[in-house]
Amino acid sequence: MSEPLRGVIVSHSAVAQALVSAVAAIAGVDGVLVPVSNEGCDGAALAERLREAVGRGPAVLFVDLPGGSCLTSSLRYAKQHADIAVVTGVNLAMLLDFVFHRDVPPAEAARRAADAGGKAIRVTAA
Amino acid sequence: MSIALYRIDDRLIHGQVVVGWGQPLDSAFIVLVDDEVRGSEWEQDLYRMGVPPQIEVVFASVEEAAERLPVWEADARVGILLVGDIDTAAALAARSDRVKRFNVGGIHHRAGRTERLRFVYLTDAEAAKLRELAARGVEVTAQDVPTARAVPLGEFT
Chain L
11 MSEPLRGVIV SHSAVAQALV SAVAAIAGVD GVLVPVSNEG CDGAALAERL REAVGRGPAV
71 LFVDLPGGSC LTSSLRYAKQ HADIAVVTGV NLAMLLDFVF HRDVPPAEAA RRAADAGGKA
131 IRVTAA
Chain W
21 MSIALYRIDD RLIHGQVVVG WGQPLDSAFI VLVDDEVRGS EWEQDLYRMG VPPQIEVVFA
81 SVEEAAERLP VWEADARVGI LLVGDIDTAA ALAARSDRVK RFNVGGIHHR AGRTERLRFV
141 YLTDAEAAKL RELAARGVEV TAQDVPTARA VPLGEFT
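Line by line, the protein sequences give chains L and W. For the first sequence, our numbering begins at 11 and goes up steadily by one. For the second sequence, our numbering begins at 21 and goes up steadily by one.
Calculated from the structure, these hints are not laboratory results. A quick note: this is a predicted structure, and the numbers were derived from the prediction, not measured. Don't take each hint at face value.
[What the hints assert, rightly or not] Distance ranges between label pairs, derived from CB positions:
1. 58/L x 56/W: 15 to 25 Å
2. 36/L x 94/W: 51 to 61 Å
3. 55/W x 89/L: 32 to 42 Å
[As the list claims (entries may be wrong)] Stretches of chain L that chain W covers, calculated by requiring three or more beta carbons in the stretch to come under 8 Å of a beta carbon on chain W:
4. 13 to 24
5. 38 to 47
6. 107 to 118
For every residue, glycine included, the Cβ atom is placed at its ideal position computed from N, Cα and C.
Based on the sequences and whatever the hints tell you, model everything.
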């Protein structure tokens, strides 16, 4: 890999920005995650925001919901660009794992992140 | 119950439609009218991903939609009909007098458009097309979610 992966969080409203801030506060890692909101965007505008956020390198797109405009735009982008993987159901746990495990291909990073995020979802006793 | 919502929304099937409108309407089917999506299995799969399995999604061209509107209107279930732009809405209304209303749910910013409402941006030409639609007897209002006020056409064009 010539350069480490970037993570792009694609969400409704300000969820993405909030997750970026939370990761920075917890892990002390800046500049790895880029927030993209669909606020005020049609498909073309969201695609442009994605293009700017991803830049030239490989990336994993972390999408909030497994459907809707954030996902459809992300999958269209991934279809047209190499080295892009898409994960849905973004949560803080998967992002915290991702920022420390970026020296792998996008698909592998996406699988690892999805696994970490899924393990964080539990029903706990009071 | 038939088609409870005729909506213009440039995001087509997304959370506001499926959850915001679909839940309170108890919608059982969504008709997506778009010639391009109708011709692409990949695009159709993409839009199906955002819809719970209990909701049927029908993809139709404008011509097909005009033909099948009587069937959907006679359906005992509640449906939502979506188009992605004003031209498609106008084309459908021109082919079927069953189209009596359109909800402008989301037309976002692009070059040349100006903000009319927080979720509606229009060029002057697009505003004129909506007025033409209304002049043909179609009630046009703007409303992003059911809990919001339905804004009459005269207030945003």
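Which of the listed hints are not met by the structure? Structure breaks hints 3, 4, 5 and 6.
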